[in-house]
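A.B. asks: Protein chains in written order, with the working numbering: chain A, 1 to 409; chain B, 1 to 258; chain C, 1 to 328.
Hints are computed from structural coordinates only; laboratory data are not their basis.
Treat the hints with care, since some could be wrong.
Said to hold, decoys possible - Footprint (simulated), chain C over chain A, 3 or more residues, beta carbon under 8 Å:
| id | segment |
| --- | --- |
| 1 | 34-47 |
| 2 | 78-92 |
| 3 | 208-219 |
| 4 | 383-389 |
Unchecked claim - Here are the computed lysine-lysine pairs in the DSS-like style, where the Cα-Cα straight-line distance is at most 30 Å:
| id | chain 1 | residue 1 | chain 2 | residue 2 |
| --- | --- | --- | --- | --- |
| 5 | A | K404 | C | K208 |
| 6 | C | K132 | C | K235 |
| 7 | C | K127 | B | K83 |
| 8 | C | K321 | B | K100 |
| 9 | C | K132 | C | K14 |
| 10 | B | K125 | C | K15 |
| 11 | B | K149 | C | K321 |
| 12 | B | K15 | B | K149 |
| 13 | A | K310 | A | K142 |
| 14 | B | K100 | C | K228 |
| 15 | A | K287 | C | K11 |
| 16 | B | K9 | B | K93 |
| 17 | B | K150 | B | K136 |
| 18 | A | K14 | B | K9 |
| 19 | C | K228 | B | K136 |
| 20 | A | K310 | C | K11 |
| 21 | C | K208 | B | K149 |
| 22 | B | K83 | B | K125 |
| 23 | C | K131 | C | K11 |
| 24 | C | K132 | B | K83 |
| 25 | C | K11 | A | K396 |
| 26 | B | K172 | B | K149 |
| 27 | B | K117 | C | K11 |
Quick reminder that beta carbons are idealized off the backbone N, C-alpha and C, glycines included.
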Amino acid sequence: MKTKEKQVKSHYDKIAHTTVYSLGFIGVIILTMVIIYVTMTGISLVNWDLISGDSQDINTNVYLTESQGQYIAQTNLDDDIYYSKVWGLGFIDSTDREGHAIVEIAYIHPDSPFIMSLDKNNNDENGNPVVIELTEDTAIEKAIFNNFTLFTFYTDGAEVMRDAFDQATQIDDVTVQVVGGGIRGSLITTLWMIVITLILAIPIGVSTAIYFNEFSKKSKFSDLIRTLVDMLTGVPSIIYGLLGAAVFIPLLNATGLTAGGSILSGALTMAVILLPTIIKSTEEALKIIPNDLRQGSLALGANQTQTIFKVVLPNATPGILTGVLLGIGRIMGESAALIFAVGAVTKDTVVLTERSSTLAVHIWVIMGGEAPNYELASAIAIIMLVFVFIINFVVKIFAKRLQKNMNWS
Amino acid sequence: MNKIEKQNKVVFELKNINLFYDDFQAIKDITMNINANEVTAFIGPSGCGKSTFIRILNRMNDLIPSCEITGDVLFKQKDAYNKDFDVIELRSKVGMVFQKPNPFPMSIYDNIAYGPKCQGIRDKKALDEIVESSLKKAALWNEVSDRLKKSAMSLSGGQQQRLCIARTIAMKPEVILMDEPTSALDPVSTSKIEDLINELKNDYTIVIVTHNMQQAARISDRTAFFLLGELIEFDDTTKIFSKPIHKKTEDYITGRFG
Amino acid sequence: MQAVKSYVSEKSIKKKNRLDFVFRNIFRLTAILSASIVIVVIIVIAVRGITPFIQSYTGYNNITGEVILSPVNPFKFLVKSQWLEGAVGASSDYGIGFAIINTMIAVFLSIMITVPVAVVTALLIAKVAPKKISSFLRTVVELLASIPSIIYGVIGLGVITNFVNWIGGLFNYQTAAGLSLLSTVLVLFMMTLPTITAVAETSIRAVKNDIIEGSLALAATNMQTYFKVVLSSAKSGIFAGVILGVGRALGEATAVSMVSGNSFSGVTLNPLATTSTLTSRMLLGIKETSGIDYDIRFSVGLVLMLMILITNVVLKAVMKKVGNLDEN
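In isolation and in its complexed conformation, chain A is listed as follows:
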């Protein structure tokens, strides 16, 4: 080969190499972009309050009967806390989870009269107003003083609000807000969804796989059943959502337990979606177990049922667990099906017979509409991704262990 040909050839070779590496790394770029975007946008919101808080704002109206005094701050307060000596309250500018500016109570003097403020809207059994203990990290939406002559709103900012409080001699109405945007309800819903779905899907899935692998003989009937089960994977999950809406919701309604969508109808739907995954993983796990094991058990006088439960299934457990873990990931991530089979509503109190949203549906709710909350969505996404990646990691370790165990045959 002449040198020029050689050069041209290695030139093409280099181009091929560069192309392959560049195109091949697009996947890495995508993954990095997803992780970086989600983290940068949402990390500021991820804290315990997010996980434990309600999604709705809760407003309470309080008023006081005590008049003012003088309350010197007990600790050194930061510069950004505006302290009203008159009432013993320190205000700070902050943002809620939607990024709106709010004014929060950063510090309450232990003797401040606001410690024992009275709820305007609720009376106890004796007809006396319920006592509300004001705490830090609540927000003040608005306040009305001095016989409805002086007002201040959260839009004024912390400093102006403090000044207004300083001028107040009578507290008529203070709207106190526990800021929402928390995801406790959705977290709990997701956990319940996982548990109930697995309770439904695992027995049926494992059972079906046992039938396929341990019992069925070659026949038109078993071929038919197998084909039908294989078809389950080809159906997109939104169609299963329609199934949930058309079958499971009315079914549960007929029992009188529910009225409309519910976590239960969602779990039934998710169980159907998970079924193929569980069946497949279990079948793979059962296939790996050598027949010698089964025959040994039968030779000792055990019947097939005992063999299955005492010998085969325990050895298939890692494989089944793999399928379960993958299923958990799917439950966490499913959105379209649950929008139909449950509904797209976020809740703070989770009731199994009522609608509620999983984390994924919660994201759908807050991203829909005119003011999508990217920060909150990203924060939830961070939590979801962490779980999903951990599950992935665990499945990989399981797969490696399975490989090692295979060598004993």
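Model the placement of chains B and C on the given structure of chain A, informed by the hints.
C.D. replies: Chains B and C alone, transformed into the frame defined by chain A:
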């Protein structure tokens, strides 16, 4: 070229070759020459290293990461394992036919044209000519000339192996290496290919690994007997098979082991 | 000699056999149950989906009050270029034709860009890259596969639509905040890439070593061997992966709904304009869970299932034909 000149032309010089797979030594200090336009046969029992050794000649061992070679491999007096020696160029001059026929899942035509196309030959007329002449040289043209565009997988085992030989010839090599080319074929195909080898040696140098001693005796000019990674004896075929010098050679040829 | 008392008595044997019988049937019944789900799905979607075509719904009109709506015309439904003519709940003039074509366009475009990238990535993982890079890349692909589609939707809204909007700016085209066919295609690309890459990798690995050796012995370079011999040998496996990817893209709902713009009418050919898919038309705009506007989504679901079925059949037939060309 008269016979004396032919005998003086050495294609491969191999000096003190040792080959290791990690710690295992598969080839132990072998020195030998391969002459031009001859058929050199490598014989020996299974695992003696003859297949490993023949792959040194076209650097197929490069594909195995744990493989290390020491010694000199000179192809036409140039160091074939030198960094500056282009392995692609070596393989274009030293072709290989494998034990199990391995045609590509493409048409017969595309199989033969594959090598030249990779070298940059695009002209259809040139390729047509190469395909025809290679198939003729491999004694396959008459059987496939009317179905060149059909898949190579539709050929019989013997035809596929001749296709692989044609494919190698299309590269216009100087040496053709054959690693047990007939061990997967029936006797009729085997004898067709043996006849082919006899003709090919006029134009090419042939090195053939075979576990069939009779085949070596039939078709080769010189024979090398390998045992456990060592070269026991290397001489004219007639000498090896009638008056071997080493006892081990005699034991193998007379069937006492192997 | 004392007789050894056996553990096994006739009673216990009978009990065991009864147990076997019971469980054998339990397993069989659950398998039948699993198999029947598909049938139930088909029947339910078909029934609920056909209902709007045969039932007269009661609509409500602001002007005349209650109104009887005529059943939806199935032919018009399949061909019409606008989702709804008239007010929601007051009209039964629905159409899905435009969304059928838009869906096909979006899926086709996304497959066009996904397949080359996926195949090359698979080649990189299976053959070209050294072990450590290869297993790193494989992990990346697995992680990408496990990301829920809603998160791809968030990325779509947060990153991709902004990118498309910027591109629109370059051409002086006003996009709908980036909601567009292009965004849809890019999102589908991200989501189907891991699926096709994984299947392609398996197919490439399965290519027999002797063909690779044969190619190298003919003085081909590694790259030439991979592109000319390995890929063509892995063809049918890769095609199967493509069919899988197409199925996923057709059925993808949430992420696509978030970035497509869910256009109301018309076939979208301009990548910067909003489009819609069958799934986005199903998922968005749900106001009530009864009435014609809700039930029509089942009809769309029926069309979706038919589309997936037909696509699968056609693609599998194509795959066979291409495979047969090889054999002969």
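A.B. asks: Check each numbered hint from earlier against the structure, then list the numbers of those it violates in ascending order.
C.D. replies: Hints 2, 9, 10, 12, 13, 15, 18, 22, 23, 25, 27 are the ones this structure does not satisfy, whereas the remaining hints hold.
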